[in-house]
Amino acid sequence: MTVHFSYVRPASLQDAVSQLGSDNALIHAGGTDLLGCLRDEVFPAEKLVSISGLPELRGISKTTDNGLRIGALTTIAEVAAHPLIRESYAALAQGAAAVASPQLRNQGTLGGNLCQKPRCWYYRGEFHCLRKGGNYCYAVNGENQYHCILGGKNCFIVHPSDTAPALLAFGAVLRITGPRGSRSVTLADFHVLPERDVTRETVLEAGEIVTEILLPPASAAMRSSYRKVRARQAWDFALAGVALALELEGGRVRRSRVVLSGAAPIPWRAVEVEKIITGSALESEVIHEAAVAAMTKARPLGKNGYKIPLFQGMLAEELEKMRQVS
Amino acid sequence: MNNEENGEKTGQCRCVHGFTRRGFLTSVGVGAMAALATSGRLSAAQEGAVAERAAEKAVVITLTVNDRSHRLLVEPRWSLLYVLREQLGLTGAKVGCERGECGACTVLIDDLPRYACLTLAVEAEGRRITTLEGLMAGEELGPVQQAFVEEDAMQCGYCTPGQIMSVEGLLRARPQPDQAEIRQAVSGNLCRCGAYPHIVKAGLRAAELKAKR
Ligand SMILES: Cc1cc2nc3c(=O)[nH]c(=O)nc-3n(C[C@@H](O)[C@@H](O)[C@H](O)COP(=O)(O)OP(=O)(O)OC[C@H]3O[C@@H](n4cnc5c(N)ncnc54)[C@H](O)[C@@H]3O)c2cc1C
Ligand code: FES
Ligand code: FES
Numbered sequence: 001m002t003v004h005f006s007y008v009r010p011a012s013l014q015d016a017v018s019q020l021g022s023d024n025a026l027i028h029a030g031g032t033d034l035l036g037c038l039r040d041e042v043f044p045a046e047k048l049v050s051i052s053g054l055p056e057l058r059g060i061s062k063t064t065d066n067g068l069r070i071g072a073l074t075t076i077a078e079v080a081a082h083p084l085i086r087e088s089y090a091a092l093a094q095g096a097a098a099v100a101s102p103q104l105r106n107q108g109t110l111g112g113n114l115c116q117k118p119r120c121w122y123y124r125g126e127f128h129c130l131r132k133g134g135n136y137c138y139a140v141n142g143e144n145q146y147h148c149i150l151g152g153k154n155c156f157i158v159h160p161s162d163t164a165p166a167l168l169a170f171g172a173v174l175r176i177t178g179p180r181g182s183r184s185v186t187l188a189d190f191h192v193l194p195e196r197d198v199t200r201e202t203v204l205e206a207g208e209i210v211t212e213i214l215l216p217p218a219s220a221a222m223r224s225s226y227r228k229v230r231a232r233q234a235w236d237f238a239l240a241g242v243a244l245a246l247e248l249e250g251g252r253v254r255r256s257r258v259v260l261s262g263a264a265p266i267p268w269r270a271v272e273v274e275k276i277i278t279g280s281a282l283e284s285e286v287i288h289e290a291a292v293a294a295m296t297k298a299r300p301l302g303k304n305g306y307k308i309p310l311f312q313g314m315l316a317e318e319l320e321k322m323r324q325v326s
Numbered sequence: 327m328n329n330e331e332n333g334e335k336t337g338q339c340r341c342v343h344g345f346t347r348r349g350f351l352t353s354v355g356v357g358a359m360a361a362l363a364t365s366g367r368l369s370a371a372q373e374g375a376v377a378e379r380a381a382e383k384a385v386v387i388t389l390t391v392n393d394r395s396h397r398l399l400v401e402p403r404w405s406l407l408y409v410l411r412e413q414l415g416l417t418g419a420k421v422g423c424e425r426g427e428c429g430a431c432t433v434l435i436d437d438l439p440r441y442a443c444l445t446l447a448v449e450a451e452g453r454r455i456t457t458l459e460g461l462m463a464g465e466e467l468g469p470v471q472q473a474f475v476e477e478d479a480m481q482c483g484y485c486t487p488g489q490i491m492s493v494e495g496l497l498r499a500r501p502q503p504d505q506a507e508i509r510q511a512v513s514g515n516l517c518r519c520g521a522y523p524h525i526v527k528a529g530l531r532a533a534e535l536k537a538k539r
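Chains as they are written, first to last, in the working numbering: chain A, 1 to 326; chain B, 327 to 539.
What the hints contain is simulated information worked out from the structure, not anything from laboratory work. Hints should not be assumed to be uniformly reliable.
Computed footprint of chain A on chain B, listed as stretches where at least three residues anywhere in the stretch have a Cβ under 8 Å from a Cβ of chain A [unchecked claim]: (1) 453-466; (2) 527-538.
These stretches of chain A come out as covered by chain B in the derived footprint (C-beta under 8 Å, 3 or more residues) [unchecked claim]: (3) 154-166; (4) 231-239.
Interface residues of chain B toward chain A, partial, derived using beta-carbon atoms under 7 Å [said to hold, decoys possible]: (5) V376; (6) R425; (7) G426; (8) Y441; (9) V448; (10) E477; (11) M480; (12) R498; (13) A499; (14) G514; (15) P523.
Glycine included, each C-beta is placed from N, C-alpha and C at the ideal position.
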């Protein structure tokens with residue numbers, strides 16, 4: 001049984017924001033991540049503010065500029081199954097379909113997926129680690145086979161989301177409402193590296209709620225994919241994941257976004273790969289060069305060096321598949 | 327629970343086996359009884375919004391389980407799994423990992439399979455909850471249950487109720503699934519005995535039986 005908390009389910013966004021004004025008040029969307037954290041006493045909660053009574057945060061629709069608006073409360077299963085997403089933003093549908101298990105996809109929301117807490121077993125366990133206000137990241141010299149190889153400095157979590165890589169590759173923007181009104185933040189600016197602030201994962205301020213995720217229009221030349229490698233086919237988080245969003249024209253890559261999951265504390269843009277493939281045809285030498293370049297900055301810990309060849313192999317295979325459809 | 331015994335005459339929930347007044351009192355405590363008597367919050371709950379419910383105090387909610395409505399006293403932190411089993415005596419949903427990693431607790435919420443261990447009971451208000459018990463056709467087994475028996479789709483049987491609920495959820499959305507869809511549908515239900523080949527057969531058989539009824 002978890003700790004005691006009070007519970008409120010407001011009927012308006014404004015009320016939800018003001019309810020979040022009290023100490024240790026936390027947002028409950030699907031609860032799939034939050035309730036696990038509370039059960040393991042990873043952080044305290046005095047009040048849960050459920051946003052499930054806000055239907056305006058649900059649903060998927062076209063925007064006036066032909067992009068897509070996805071309400072933050074839309075379930076992962078709805079994202080995975082939606083015809084517009086499967087057709088025009090395939091990598092997002094594939095990423096959503098690769099999350100957890102069918103039951104968790106029916107319950108977990110897209111907003112919750114982007115805001116979920118790290119899965120590092122020291123963070124989730126009884127360790128007073130750096131991220132929880134302690135002095136030490138236990139992964140540095142500990143069991144670090146699932147930790148990051150890029151972007152870690154003082155803390156070595158990987159970002160657990162399977163939807164964020166595709167959303168970042170598509171250039172998603174988040175709409176956020178809080179005590180001081182509404183604002184937009186690009187997904188690229190949403191997640192926070194530990195070197196900037198080790199105690200937070202996102203730029204959300206107290207009382208702020210992600211209300212919707214906006215995607216720019218997808219060009220007809222866009223091809224996208226997400227591939228996830230994991231130890232078993234259900235439940236598991238990504239050991240390594242690769243999202244590609246490429247615009248192809250006459251056999252050449254006109255624009256590209258390449259994002260890795262399981263690599264870094266935030267969804268990680270592989271800019272080295274983008275630089276090499278953009279403007280080129282996807283020939284084997286280019287693919288090989290790009291796959292190698294992706295890992296030049298990687299700094300593995302004691303037990304996660306296997307991720308380097310894994311990412312290189314996945315990138316090469318995924319780019320090769322893109323060449324074949326182009 | 328028997329509402330008459332609590333002095334609550336809602337006329338909705340008649341009786342659930344295995345739950346006594348004494349069990350009720352020990353599980354929610356006397357302070358909670360006072361909360362029941364003074365609670366005027368139900369109308370807000372019915373409109374979908376809920377005023378703040380204090381920690382450590384039980385609150386009144388109405389849950390619709392297997393087409394029957396139950397007025398219950400729950401603490402905000404109680405999972406749906408706990409309430410189904412301990413308050414309603416519906417033990418079809420099993421306690422496994424209690425962290426969303428095994429599927430033993432699977433129930434349908436608005437026809438979709440979900441983990442009752444990671445769903446707060448207060449969050450299930452206003453939704454249609456179906457448990458294993460709700461799949462019975464009177465005294466007879468329902469088609470999915472019958473198919474699991476016919477195909478011998480269990481060994482120790484602990485995961486079976488959850489597997490059945492996942493297959494039921496699949497068939498409600500896709501009455502004629504193929505093997506791959508069945509495998510996918512039960513991928514969130516861990517069977518440590520490895521009965522999956524028979525579970526997939528049972529899924530196919532269940533579709534046939536359901537089509538006949
Ligand atoms: C066994 C298991 C396996 C999993 N496997 C995967 C996996 O493979 N891939 C993957 O990507 N995920 C996985 N997950 C994580 C899964 O919980 C999330 O994917 C899910 O989408 C979270 O959504 P939720 O609505 O349930 O979030 P909640 O649990 O309700 O919330 C998660 C966090 O985000 C905050 N939050 C929620 N919504 C908002 C919002 N709109 N604005 C601001 N903050 C918000 C909450 O306060 C909380 O801190 C797994 C979880 C479990 C339990
Ligand atoms: S008990 Fe709910 S998933 Fe294991
Ligand atoms: S039959 Fe034993 S766990 Fe599935």
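Hints versus structure:
no., hint, result
1, 453-466, "violated (count 0)"
2, 527-538, "violated (count 0)"
3, 154-166, "violated (count 0)"
4, 231-239, "holds (count 3)"
5, V376, "holds, 4 Å"
6, R425, "holds, 5 Å"
7, G426, "holds, 6 Å"
8, Y441, "holds, 5 Å"
9, V448, "holds, 5 Å"
10, E477, "violated, 21 Å"
11, M480, "violated, 19 Å"
12, R498, "violated, 12 Å"
13, A499, "violated, 10 Å"
14, G514, "holds, 3 Å"
15, P523, "violated, 16 Å"
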